[in-house]
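Number of protein chains: 2
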Amino acid sequence: MNKWIINQANVFNTYNKRFEKKSVYIENGYFKQISDNFDLLDFHNAKIIDADGLWMVPGLVDIHMHIESSMTTPTRFSEQGLKFGTTTVVADPHEIANVFGKKGIDAFMDSETIMDIYYGIPSSVPSTIPELETTGGIIGENEVLELLHDKRVICLGEVMNFKDLVSQEDTLIKRIVSLCKQQRPSMPLEGHCPKISGADLAAFIASGVNADHTMQSPESIKEKIENGMFLEIQGKCLIPENVKVLTDNKYDEYYCLCTDDTMPDHFLEGQLNKVLLKAVSLGLSIEQAIYASTYTPSMRMQLFDRGVIAPGKIADFVLLSSLDEWKVESVYKNGEEVYSSSYQKKEKMLEYPQEFYKSILLDKINKEMLEVRVDTDESEVLVNIIEVNSSSTFTNIAKMKMPVKDGLIDWKNQGVALMACFERYGKNNNIAFAFVKGAITKDGAVSSSWAHDHHNLMVMGTNEDDIINAANHIIDLQGGYCVSVNNEIRACAPLPIGGIVSHAPMEELGKDIKEVRKAMSEDLGYIHNNAIMSFATLSLPVSPTVKLTDKGMIIGKTLEVLPLIAGE
Amino acid sequence: MNKWIINQANVFNTYNKRFEKKSVYIENGYFKQISDNFDLLDFHNAKIIDADGLWMVPGLVDIHMHIESSMTTPTRFSEQGLKFGTTTVVADPHEIANVFGKKGIDAFMDSETIMDIYYGIPSSVPSTIPELETTGGIIGENEVLELLHDKRVICLGEVMNFKDLVSQEDTLIKRIVSLCKQQRPSMPLEGHCPKISGADLAAFIASGVNADHTMQSPESIKEKIENGMFLEIQGKCLIPENVKVLTDNKYDEYYCLCTDDTMPDHFLEGQLNKVLLKAVSLGLSIEQAIYASTYTPSMRMQLFDRGVIAPGKIADFVLLSSLDEWKVESVYKNGEEVYSSSYQKKEKMLEYPQEFYKSILLDKINKEMLEVRVDTDESEVLVNIIEVNSSSTFTNIAKMKMPVKDGLIDWKNQGVALMACFERYGKNNNIAFAFVKGAITKDGAVSSSWAHDHHNLMVMGTNEDDIINAANHIIDLQGGYCVSVNNEIRACAPLPIGGIVSHAPMEELGKDIKEVRKAMSEDLGYIHNNAIMSFATLSLPVSPTVKLTDKGMIIGKTLEVLPLIAGE
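Just so you know, the sequences run in chain order A and B.
Using this note's numbering, the first residue of the first sequence is number 1, and each one after it goes up by one.
Using this note's numbering, the first residue of the second sequence is number 1001, and each one after it goes up by one.
Read the hints as simulated data drawn from the structure, not as lab findings.
Treat the hints with care, since some could be wrong.
Cut-off 25 angstroms, straight-line C-alpha distance, at most; resulting in silico cross-link-like pairs (PhoX-like, lysine-lysine) [said to hold, decoys possible]: (1) A/K163 with B/K1244; (2) A/K401 with A/K442; (3) A/K181 with B/K1003; (4) A/K163 with A/K151; (5) A/K17 with B/K1244; (6) B/K1250 with A/K250; (7) A/K244 with B/K1250.
Per label pair, the in silico range of CB-to-CB distance [what the hints assert, rightly or not]: (8) B/R1175 with A/E219: 51 to 57 angstroms; (9) A/K401 with B/H1044: 52 to 58 angstroms; (10) B/H1149 with A/K250: 37 to 43 angstroms; (11) A/S178 with B/L1361: 48 to 54 angstroms.
Which residues of chain A face chain B? A partial, calculated answer using Cβ under 7 angstroms [unchecked claim]: (12) N13; (13) K32; (14) Q33; (15) F43; (16) A46; (17) A202; (18) I205; (19) G208; (20) G228; (21) E253; (22) Q302; (23) A310.
Remember, it's a predicted structure, so these values are computed and weren't measured experimentally.
Glycine residues also receive a C-beta, built at the ideal position from the N, C-alpha and C atoms.
Work out the full structure, taking the sequences as your base and the hints as a guide.
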């Protein structure tokens, strides 16, 4: 029998939100008793850990996040996340589902990890409709029904399409929500509803989808919580006014902290603990921040067996030598030490099916494929172009005259980059183009198959050689993110599994992504506070502004195709 | 489509714990939108209720209670409870289970009621073991398994036997708890654990049984909550020190209010609302008292669809003209008015199986059956007697010499009453005796088949004529509670269904019980602050002190039989 005593730690008590000097007895993976002091002679079979001076906190629980945002596998995610004390996550695998459909979700779920990874059902795959983007997989009612029978699935992942959800018509998302309610009446239904309020918000919540993790304002926090919504507050949502409204109104029970997306290079530095510390830096008490990273997320997900250091709960916890700086001494999962400065328990690495490594079904790109033909006798043509915003993923539509030569648009030296999207699932060989202003300001190209949410092959550059070099490099690698300058690959992160994740150790992947980020910024002069995310969301048609899929430029708000030639 | 607007009420917002002037739109039984004001012209199909000056509160949710404590059927319970605004209860039907086993539970569950009545699985039927008391039914593993497949069952009812629960041995209650965890991993397991603390309490909680509704002290409240227990605070537990510890420590989320037992005469005056008002009179804010009678009990029972006035929740609510005095104007269930001063929606009355009305399987009692034989040649014998405590259900054991005449104990004129327990399920015709001091002080007898938990026929009196008259009257009625003085029935409440509940209107039953209470006090001189409960628990062997079953006197704490003749 596996018995431990964590002796005389500063133990977080969830119910009074205080740290108290206590000793904690653990047996077979569960907390058994918390006491002022034990007579250690009574526990001669137990391993005694002297925790004097250490802080003992429940393992962190991150209930809104995407493993694919870290471009990694569940196994590597577990390995890295445990270092910071995250012991449970609820992942929405909608990226791998866009690539491989339910097969992708199954492969993720079949990864045995030390961290407990639960799953949400991706509710929007594809993000819009098959007419507007080609994806590798689709999640329809049959897939949802199968997933509802899986115990590892504990919620419906973020429902994005407000209009379809509250429509009077019979829509797919309404059918999916009904299916969930019918099969699992009390399962949480997670939402994504920025910028809606009043009757629209009430209708959204009344549908049963009653959580949101998007950007908030003090007003939206108040309105959403007081109408029964549970808020999952991610790092970017932590601004002083928002923290103030949460604390002033004592909304303690009705929100949690979450990460949503943690890029590989940022993942080297932390995970949910970073969001927690940011909240504290903005005025949340450390006790409330821990509560919101352990107890309330567990309650939301009906994981009643964890998030607390109390008898009968799963013994997931972190010992910290500094609370303010979150200095992790060791991490325990199911009552077993799985990480310390000198030790990390080995994860079982999963081999994915062979086809997962051969998912970019494209021949090499050549110059002819990049010709932007236009049917005109004029020497100029008015073109719709995409303007990139330097601090958000929103874009603008602009118009611009471009010269025409031999039936081709002569876009070079016009102050724009050419962006192309190549359908890569072998379904239709679509190629679509857009001209982009405001992103790349130097000469070169960037290419990626990690392109939300359809993950077709995206490339953007100022000259054909670099465009071809970058795109073909990604095809060679069968996935990744790279920068080419002067026909030379300056930085590259290979993502060979489904073209979106890598099984490389996180140190290696994080370093690669850091280099890509640097190359985008320095070599391409890409003007954005998160260049990698900016480019990777120029492909996302569910975004309200204009984006590019293999079907062309799509205006997310109206779901209209914007023609390349203005006025067509 | 059924549409209502409750216009301009003082609406309780659960999330900020404030009343706010709002209008509430209801559609098809659910709250749809809460707004400062609606343009009523937009809602020409809706029925508009002018609620200006009224208080709007979610329907009360009572999660620890026994319908049989009100000696009534689910249907009548619903009818009466709705008048006070209770719209949901979770009933532990362990009394009807003691009489009829699972068949009794099924009959209760099959009653269609306007109030939502959910059920717990009675975990201790019989309360001790079949060797110490004969019951009509037994709830074993098979019955538990069947009940776990029923959607109306939402928790395991109060687990009482601490020793068996934490035993190293294989015990029935451990097997039942395992079965629950295996079949329904997150189902709440309810407990009954007075006066345990430290390692014992930790072991109790660690078993997964993590709620308690018994009497508390400020210390036990603190220890139990801070070890992860959810407390269900019943009326008698509301004392100033307890309310203070709940409020001072901001334990808002970790307890609720409940009734446990509401006697028929008390039920005429109120239900959970009375507990709520008592809490307020002792210092709880009205907002917190409502929170603890609506939201926290719903959360505990994972009834996420209610307890709150917010979009998407079931429209169960009360309109009050006075909050402080809980003056009910009207009550709505599923968005429909079901009670007001001038209207009450009719309940569907259920006919129970014929056998439910023929459950006292006893021939008439006669004088010979009351002879207390003793095998001695002495003229005196030392007897163990039960001393009744005037303010609790605990008893004491005393010893007393009694004369012996013709082999019979001559107990009359010795300052004691004779108490007899007749096995009434036709299983073994057991008769057991005890002598009782401190209860009846005048001449006469009381008899009842409502006798916790085995519900055999109990009778106690000072002379044989009244004992026989009272007991035979209950046999004639096939159940009830009555008082006989001078061979005449002074007061009687018939309980013909299983001998423990009545289908009579609550006014009638409440009046009958009030008369029995009065007769016990005035005619029998029964010294107790709740004489009806006192006598009805003199049969309860699970109580730690000495009680009488058909098997004899039982000491609950040690589960030993106490012989009538001392030293035997």
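Hint check: A/K163 vs B/K1244, CA-CA at most 25 angstroms. Holds or violated?
Given that 25 angstroms is the threshold and the Cα spacing comes to 49 angstroms, the pair is violated.
Is the interface hint satisfied for A/G228? The criterion is a beta-carbon contact with chain B at less than 7 angstroms.
3 angstroms, holds
For the range 51 to 57 angstroms, tell me whether the beta carbons of B/R1175 and A/E219 fit it or not.
Given range 51 to 57 angstroms: holds, Cβ gap about 54 angstroms.
Under 7 angstroms, Cβ to Cβ, is where A/A310 needs to be relative to chain B, so tell me if that hint holds or is violated.
It holds, given that the least Cβ distance between A/A310 and chain B is near 3 angstroms, below 7 angstroms.
Have a go at the A/E253 hint: is there a Cβ in chain B nearer than 7 angstroms to its own Cβ?
Hint on A/E253: holds, closest Cβ of chain B at ~6 angstroms, below 7 angstroms.
For a C-alpha distance cap of 25 angstroms, please report whether A/K401 and A/K442 respect it.
Distance ~21 angstroms between A/K401 and A/K442 Cα, so the pair holds.
Is it true that B/H1149 and A/K250 lie within 37 to 43 angstroms of each other by Cβ?
41 angstroms, holds
Run the distance test for B/K1250 versus A/K250: straight-line Cα separation, threshold 25 angstroms.
11 angstroms, holds
Tell me if A/K32 is really an interface residue toward chain B, meaning its C-beta lies closer than 7 angstroms to one of theirs.
Result: holds, 5 angstroms to nearest chain B Cβ.
Restraint check, 7 angstroms cut-off on beta carbons, for A/F43 near chain B:
12 angstroms, violated
Mind checking the CB of A/I205 against every CB in chain B and telling me if the closest is under 7 angstroms?
With a minimum Cβ separation of about 4 angstroms from chain B (threshold 7 angstroms), the hint on A/I205 holds.
Between the alpha carbons of A/K244 and B/K1250, is the straight-line distance 25 angstroms or under?
20 angstroms, holds
Of the numbered hints listed earlier, those contradicted by the structure are 1, 4, 15 and 16.
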